[in-house]
Amino acid sequence: MPNTPAPILSRRRKAPEGFVRGADVARVAAELRNGRRDLLRSAFAAALAGGGAAAHAQAGDPYILQLPAHGKGLGNPVVTDGYGHPSQHERNVQRRQSPGLTQTRQASVSFAPLQSLFGIVTPTGLHFERHHQGWWDIDPTQHRLMVNGSDDRLLKTPMVFTMDQLMRLPSVSRFHFIECGANTGMEWGNVAVPTVQYTHGMLSCCEFTGVPVRLLLEMCGADVKRGRFLLAEGADGSGMTRTIPMELVERGEVLVAYGCNGEMLRPENGYPLRLVVPGVQGVSWVKYLRRLEVGDQPYATKDETLHYVDLMPDGQHRQYGSIQECKSVVTTPSGGQVLLDKGYHSISGLAWSGRGKVKRVDVSTDGGQNWRPARLQEPVLHKCLTRFSADWAWDGKSAIVQSRAIDDSGYVQPTYRQLRAVRGSRSIYHNNAIQSWLVSESGEVRNVQLA
Amino acid sequence: MCSWRSALAATLLGGASAIAAAQGASYAGIGRAATPAELAAWDTDVRADFKGLPKGSGSVAQGQQVWESQCASCHGTFGESNQVFQPIVGGTSEADVKSGHSARLTDRSYPGRTTLMKLPTVSTLWDYVQRAMPWNAPKSLSPDQVYAVVAYMLNLGGVVPDDFVLSEATMARAQARLPNRNGMTTAHALWPGARVAMRADVQAAPCMQRCASEPRIASTIPDHARDAHGNLAEQNRLVGAQRGADTSRAAAGAAPATESNDARAPWALAGKHGCTACHGIEGPLVGPGFRDVGRKHAARTDAVAYLNDKIRAGGAGTWGNVPMPPQSLPESDALALARWIAQGAVQ
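Heads up: the sequence lines are chains A and B, in that order.
With the numbering used here, the residue at position 313 of the first sequence is 313, and numbering never jumps.
With the numbering used here, the residue at position 33 of the second sequence is 484, and numbering never jumps.
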């Protein structure tokens, strides 16, 4: 936005048109306070019908006084569906594309609905997607993993493993976040998208199950003194390749994973095998993993020279960017939502760091003038999403809600001004700036950036 | 099994350079040695030092033929197209060839960043084309074709002359003239593979009180674009502390959702069956847009049956020389798509 920055008081907005009319918000709020859900419902109905006061003089909530069908009848039997689905009332909670972001749906992305998620685990069907040349549902009995060296001396014996064999090996299950390097990339220059789904939704967190790559390299007799890099390659048409530093492999953190949230990976996420590289951007978590090669230099693949490189103001590109630095975002309340009432709200959000654990999260409701520590919800795990919350009594005036995370390396999440002062605004990747949400007097929340 | 060998190697090397495989014996029966043929089939990556390059060669002229039949439909005749993917060619100069820095990367008035403006290593282009191109038939080009088409792209960008023949022997000559060959740095804290650990480049302090002056909003989404991502009321849960803002322009209750869902169903089918890899709604991608197809056959009384046959049997020549392969999809889906295309591919 080229607009001259204006004080927020001059930018207060009228009540949103739509499903709760401005005039009805106060009444809805009052009825909510009284626990009169029937009146709330009728207020919505009235709003839809074009307004008009609904007179109610009842003994209480009809949903209490009149037994519903589900209280008076016989329910559904078991196994109406061998694999269950969310409630029909949850149909709005979906992965979504950002219109116009890509020209094809095979080289594209869908965003996870962070505004609707609780805790730290992403339901598997809502895990964000990023495909470079379309996704496949591969027959696991035909899938192979090859481990080799870029020369004969880097690995004693190049080996091939079937899925049966990989799944016989001792496994570990760990919770980790996965974030695309381009998450929040549309917002480097200015506000471009309305909700946290689009600003931060290339982010998910799951329990991954698999075998440490270190074990496979041991079995093959890899020379990791000279072989300081690992090439990971996918089996799909894109043949995705990324260089993984051996330092991360040696820590035992890098996995060949087949499990996700207690079941096998979903096809969109790499079934039957993907690399898990905790703390590192998602493009390195190669899907449909077919090959690992030990090498003595980085590989300069397409997605580490032409893409996933960060353009700096001096015209140089930063290559091999991998670590996702400490970042956080408030998901409730967040852009595109409408608060129904003044009074108590629990500000809640997610924090994470590719360098380790989240140590602290601070929250501001006045656009960063004053901050207070948020509560961190257990568990707080290594290279994993952490849920935070803070109490807030909203007084009905416009407010700017922000969060700021600090990790156990001492790194502090920067403001846009601090980030741009070093990196400019054309990096595309690795935007971990503090997010601002403007809550206007109407209760509507908007994505804003501060001068 | 290799465990005894690696254990032996560890002993011979004093355990210094091989990971100890003490417990390897307990994984008996898991994995086997790869055969030379298997390694040759899969180990095709090409590094910046040209390790992995196969023997072969291709001229700029040969590359033009490959380009025009297999690449131009997405990337444009001169690699300049921005229609499907980012442009490959453009934005570089002879001065860049001399300096090894793309000057336009610091020119904020220059809109795009083409492949050749960024490319630091010619091996990358070779490796990527052989593994992932063409878009709908990856790994179908021979090494000679890859050399040729890479030579053609480099020629379009003024990197190599018209009579150039690219081969494993001449790759270094092309590399020495890449416009942005000096344009990369690994001196940053996001790369754990760097030899020297770097301090984070952005340093902030966690101030708690009176940290900033009154905030001023520099950017937000303008009102006219409120609904650019659809109706946000439909993108939030229907219960809880808040609802989604209704950003639709139409008054509430105007069009029932089911109708629009029905209209979207064929488009979803087109996605499900991979049609949208090559076809958009309007205008050409790899193949013609669905509406273009509908218009072309609008006069046919048997348009639905004709398109149904075309979808299932494939064809070439109607829209150009890129063939459409036969599609295996349920007959009912093919028919639904044919009907939708014939009726104008309304979304």
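Hints may be right or wrong, so weigh each one.
[As the list claims (entries may be wrong)] Here chain B is said to cover these stretches of chain A; the calculated rule only asks that three of the stretch's residues, wherever they fall, bring their Cβ under 8 Å from a Cβ of chain B:
1. 187 to 200
2. 218 to 231
3. 260 to 272
4. 295 to 304
5. 408 to 416
[As the list claims (entries may be wrong)] Label-pair restraints from in silico Cβ distances:
6. A:L65 - B:A719: 36 to 46 Å
7. A:H382 - B:S664: 54 to 64 Å
8. A:G73 - B:S783: 50 to 60 Å
9. B:V647 - A:R153: 19 to 29 Å
10. B:T769 - A:H382: 37 to 47 Å
11. B:G681 - A:Q103: 14 to 24 Å
Hints listed in this document are in silico derivations from the structure and should not be mistaken for laboratory results.
Just so it is clear, CB atoms sit at the ideal spot from N, CA and C, and this is done for glycine as well.
Evaluation of the provided hints:
1. Under the rule that three or more residues need a Cβ within less than 8 Å of chain B, the assignment of the region 187 to 200 of chain A holds, with 8 such residues.
2. A stretch counts as covered by a chain when three or more of its residues have a beta carbon under 8 Å from one of that chain; for the region 218 to 231 of chain A and chain B the count is 12, and the coverage holds.
3. For the region 260 to 272 of chain A, the assignment as covered by chain B is violated, since 0 residues bring a beta-carbon within under 8 Å of that chain's beta-carbons and 3 are needed.
4. Closer than 8 Å: that is the beta-carbon criterion, and the region 295 to 304 of chain A has 7 residues meeting it against chain B, so the requirement of 3 holds.
5. Only residues whose beta carbon comes within less than 8 Å of a beta carbon in chain B count, and the region 408 to 416 of chain A has 5; three or more means the coverage holds.
6. Range check, L65 of chain A to A719 of chain B: Cβ separation about 43 Å, and the 36 to 46 Å hint holds.
7. Taken as a hint, the range 54 to 64 Å is violated for the pair H382 of chain A and S664 of chain B, whose Cβ atoms sit roughly 38 Å apart.
8. In this structure the supplied range 50 to 60 Å is violated for G73 of chain A paired with S783 of chain B, their Cβ-Cβ distance being about 36 Å.
9. Between V647 of chain B and R153 of chain A the CB atoms are about 26 Å apart, so this pair conforms to the stated range of 19 to 29 Å.
10. Under the hint 37 to 47 Å, the C-beta atoms of T769 of chain B and H382 of chain A, about 57 Å apart, miss the expected range.
11. At about 19 Å, the CB distance of G681 of chain B to Q103 of chain A agrees with the hint of 14 to 24 Å.
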